[in-house]
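**Student:** The hints should help you fit chain B onto chain A, whose structure is shown.
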Amino acid sequence: MEQQTKAIDNLRIEHVTKRFPGVLACDDITLEIGKSEVLALVGENGAGKTTLMNVLMGLYHPDEGRILINGEEVRFRSPNDAFAYGIGMVHQQYMLVPNMTVLENIALGCKQSWKPWKLDLSLVRKRIEGVAAQYGLAVDPDAYIWQLSVGEQQRVELVKTLCLGAKFLILDEPTSALTPQETDELIALLKRMAKELSIIFISHKLQEVKDLSDKVAILRHGRVVFQGNTKDHSSSDIAALMTGHEVVLPHNDAPACTMGPMLQIRNLKVRSDRGFLALDDLSLYICKGEIVGLAGVSGNGQRELAEAINGLRKVESGQILFDGEEITNRTPAQVIASGMGYIPEERNTEGIVPSFSMKENFILKDTTSPQYNSHAFLKNKEIERDSEALRQQFDIRSPNIDVAAGSLSGGNIQKVILAREISRNPKFLVAVYPTRGLDMGAAEFIHKQLLQKRNEGVGILLISEELEEITNLSDQVAVIFKGKIQKVLPSSEASRRRLGILMAGVKDDE
Amino acid sequence: MTFIINILSLGIPFSVALLIASLGEMFNQRSGIFNLGCEGMMAMGAFLGMLVPYSIGKGADVPGIYNYLGLMLATGVGALLGIFFALVVVTFRAPQGIAGIGMQMFGVGTAGTLFRHFIGGTQSVPGINTAPIPGLSRIPVLGPLFFNHNPLVYVAFLLVPLSWWVLFKTPWGLRVRAVGTHPRAADSIGIQVNRVRYQALAVGGALAGLAGAYLSLCQAKMFSDEIIAGRGFIAVALVYFGQWHPVKIMGGALLFTLAQALQLAIQGLGIDFPYEFLVMLPYLLVIIVLAFSRKTQKMGPTSLGKPFNREMRT
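Chains as they are written, first to last, in the numbering used here: chain A, 1 to 510; chain B, 1001 to 1314.
No lab work stands behind these hints, which were simulated from the structure alone. Please note that a few of the clues may not be correct.
[Unchecked claim] Cut-off 30 Å, straight-line C-alpha distance, at most; resulting in silico cross-link-like pairs (DSBU-like, lysine-lysine):
(1) A:LYS231 with A:LYS210
(2) A:LYS487 with A:LYS507
(3) A:LYS111 with B:LYS1169
(4) A:LYS191 with A:LYS6
(5) B:LYS1306 with A:LYS111
(6) A:LYS288 with A:LYS484
(7) A:LYS314 with A:LYS482
(8) A:LYS195 with A:LYS205
(9) A:LYS487 with A:LYS448
(10) A:LYS35 with A:LYS6
(11) A:LYS427 with A:LYS288
(12) A:LYS427 with A:LYS314
(13) A:LYS126 with B:LYS1169
(14) A:LYS195 with A:LYS167
(15) B:LYS1248 with A:LYS118
(16) A:LYS167 with A:LYS111
(17) A:LYS314 with A:LYS111
(18) B:LYS1169 with A:LYS118
(19) B:LYS1169 with A:LYS115
(20) A:LYS167 with A:LYS231
(21) A:LYS35 with A:LYS195
(22) B:LYS1306 with A:LYS118
(23) A:LYS195 with A:LYS6
(24) A:LYS115 with B:LYS1221
So that you can see chain A by itself, here it is in the shape it has in the complex:
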């Protein structure tokens, strides 16, 4: 397969339209990309970028329009047809089977290795080594996928796509789950690869778009609203076209902690699901009206810290004092009652009950309070009144308050959670990756809300992997590494470089 594919000198998508029930995902899209070009496809969530690429891969069938390669019309009925032309895609959610090895995952798509009674893994191994040598992409062929970090899985995806003979790469938000260091490595790698391959990559991070692409196409509500050469346009131009208005992510420039301590964590030890010490003697102090950003590569104890504070994970030793009151190893209900707000990491499984309506999700924490409960009956009138007010106040885009919360988009789900937590007037808020995967409009809104709460005297622990988010919002930045706080810096001193070094585990960052 690899040998037979002809080069793609020109690929053209013409008037492609794709509808889903109730949604016009792609609306008459026309795009063109030439040999060794990098096209950045940008747009907010739900703009239709991924759908368009799935059409190109033969995963979805377009309702209208056609695809031309080197001037000839092609029809892709399945991804096999796209592979035959040398088109390969790395999906945003990695398409790797976790309980199989790297080798087996690649063999799955490599039909030459399918001998009738035996899988020819040595052939696949050779091919992996070839790709590794050509592009400097090293992977361990015998590792199981579940053992690999997100960055390593991404490399496996790239190797897989190249092993299947791709000359034309489609990358769907390739950096959305990577740490800053991994992102830099990937960008450098893609720059090298772009010399030999054509690449379409989807992103909503403007820095990457500027760094990597030759051409940029902006999608909004399923339509191409702009196409042009990247170098002719500034990041802010592109941002304005993406959202339809100028985006300025809010910035925290108020004076630091002046009020007393709100949350004091002393020598906390907590075990992870797998039984090792995820938090090892961790101490952290957060004042009233202060945002402390917790920076770190995910998996260094962030999840366990958030869960321990909220009573969801057992504390082995140490102490958590909340507004002077001890909440160590209290039940979640007691922690909530003492005034804690929590924006959990997994918004779809921990933050909401997806099958419940939006209004039911709003009152999940207050079903027994007299506000919404009268003699064991829910007070529907009050619930509906307050829910409708929240929907408007938080600009949640949904037809009404009775829709299932799980049917909303990621940004709107996050707004539902935020609305619930903020409307309960918490004294403290633990926000875990509050804007992960959200578009800039939604992120901007959430950041503004967090800053407003801070100014009202609420303490906030902001856990994030986005360094920009942390440095923009925080009064202080704490860096976590292997369950310990490496260092706490005032945010004015927290440069990207310095944080990166601390996050990598080097204690002396001077």
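**Tutor:** Only chain B this time, still in chain A's reference frame:
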């Protein structure tokens, strides 16, 4: 000593129906389909297996070939039932648990009805007899234990390494594991998910049919409505017990049937003890082992029970 040998030589042939059926169920579940209808497929296999030699010989001895024709018919119809089940749960995406219960009742009911129509009452068939392996069967102790069995016993135990090879070393096995764990990933690199699931269900059905025919032709040498006696459901449990791995599944099947042989042997000793408790023993044992065994889904089919729909947006 003879007591132990008795238990072993009784328990090993007992395990065959369970072993074959649960290997079939393993292929189903590895591909992501949960087949609770195994019991019904086994019942059809049991009836069809004995129907062929019975309708030829009416109880008298028939040439061995008819027994094997019965086995083949049971296996073939099992595969067809598997494909029918695939139509329901893969193509029409019916809930697998409910469809499985339907298949179980359909199979048991149809087998019973056809039995009353074509045969009428309890009739025995000569069935397939033991085939001692020349030479090996004369080894003291080991001979009677391992080399003096019905031909299907050898086949069943050879199926264990064969299934292992198919599942872990062949391209087909790779595809089955992929569609059961991450069908979207398989789809994205050009595997036809539903086609693989049809194939796995046909294989599972064929093995369920064969397991049923073993009961009627080799073990009981007759058919009755209760001949399967819940073995289809135990096979489903054994697949979980064995963590979707053929060797561990064999261990589970043997553990269960040896416990059964043990309780029969204890009953035979004539100790004054309520036999009802002894009958409970194998089931109790499986529950206890399941409760204390390590629960890890990491290597198993994580998309078990979920229909695949490419255009469903997640």
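**Student:** Verify the proposed pairing of LYS231 (chain A) with LYS210 (chain A), using a straight-line Cα cut of 30 Å.
**Tutor:** At roughly 7 Å apart (the allowed maximum being 30 Å), LYS210 (chain A) and LYS231 (chain A) satisfy the hint.
**Student:** Tell me if the straight-line CA distance from LYS167 (chain A) to LYS231 (chain A) falls inside 30 Å.
**Tutor:** Given pair LYS167 (chain A), LYS231 (chain A) holds - Cα atoms ~24 Å apart, limit 30 Å.
**Student:** LYS427 (chain A) and LYS314 (chain A) were given as a pair; does the straight-line alpha-carbon distance stay at or below 30 Å?
**Tutor:** Since the Cα atoms of LYS427 (chain A) and LYS314 (chain A) sit roughly 22 Å apart, the hinted pair holds (cutoff 30 Å).
**Student:** Can you confirm whether the C-alpha distance between LYS1306 (chain B) and LYS111 (chain A) stays at or below 30 Å?
**Tutor:** holds, 26 Å
**Student:** Please work out if LYS314 (chain A) and LYS482 (chain A) have their alpha carbons no farther apart than 30 Å.
**Tutor:** At roughly 18 Å apart (the allowed maximum being 30 Å), LYS482 (chain A) and LYS314 (chain A) satisfy the hint.
**Student:** Next pair to validate is LYS35 (chain A) with LYS6 (chain A); report whether the Cα-Cα distance is within 30 Å.
**Tutor:** holds, 12 Å
**Student:** Is LYS1248 (chain B) close enough to LYS118 (chain A), meaning Cα to Cα at most 30 Å?
**Tutor:** holds, 23 Å
**Student:** With the threshold set at 30 Å, check whether the alpha-carbon distance from LYS288 (chain A) to LYS484 (chain A) stays at or below it.
**Tutor:** holds, 23 Å
**Student:** Does the alpha-carbon distance linking LYS195 (chain A) and LYS6 (chain A) stay inside the 30 Å limit?
**Tutor:** holds, 17 Å
**Student:** Within a Cα-Cα threshold of 30 Å, do LYS111 (chain A) and LYS1169 (chain B) meet the stated pairing?
**Tutor:** holds, 15 Å
**Student:** Please verify whether LYS1169 (chain B) and LYS118 (chain A) have alpha carbons no more than 30 Å apart.
**Tutor:** holds, 6 Å
**Student:** Check whether the Cα positions of LYS487 (chain A) and LYS448 (chain A) lie no farther apart than 30 Å.
**Tutor:** holds, 27 Å
Checked against the numbered hints given earlier, this structure breaks hints 17, 24; the rest are met.
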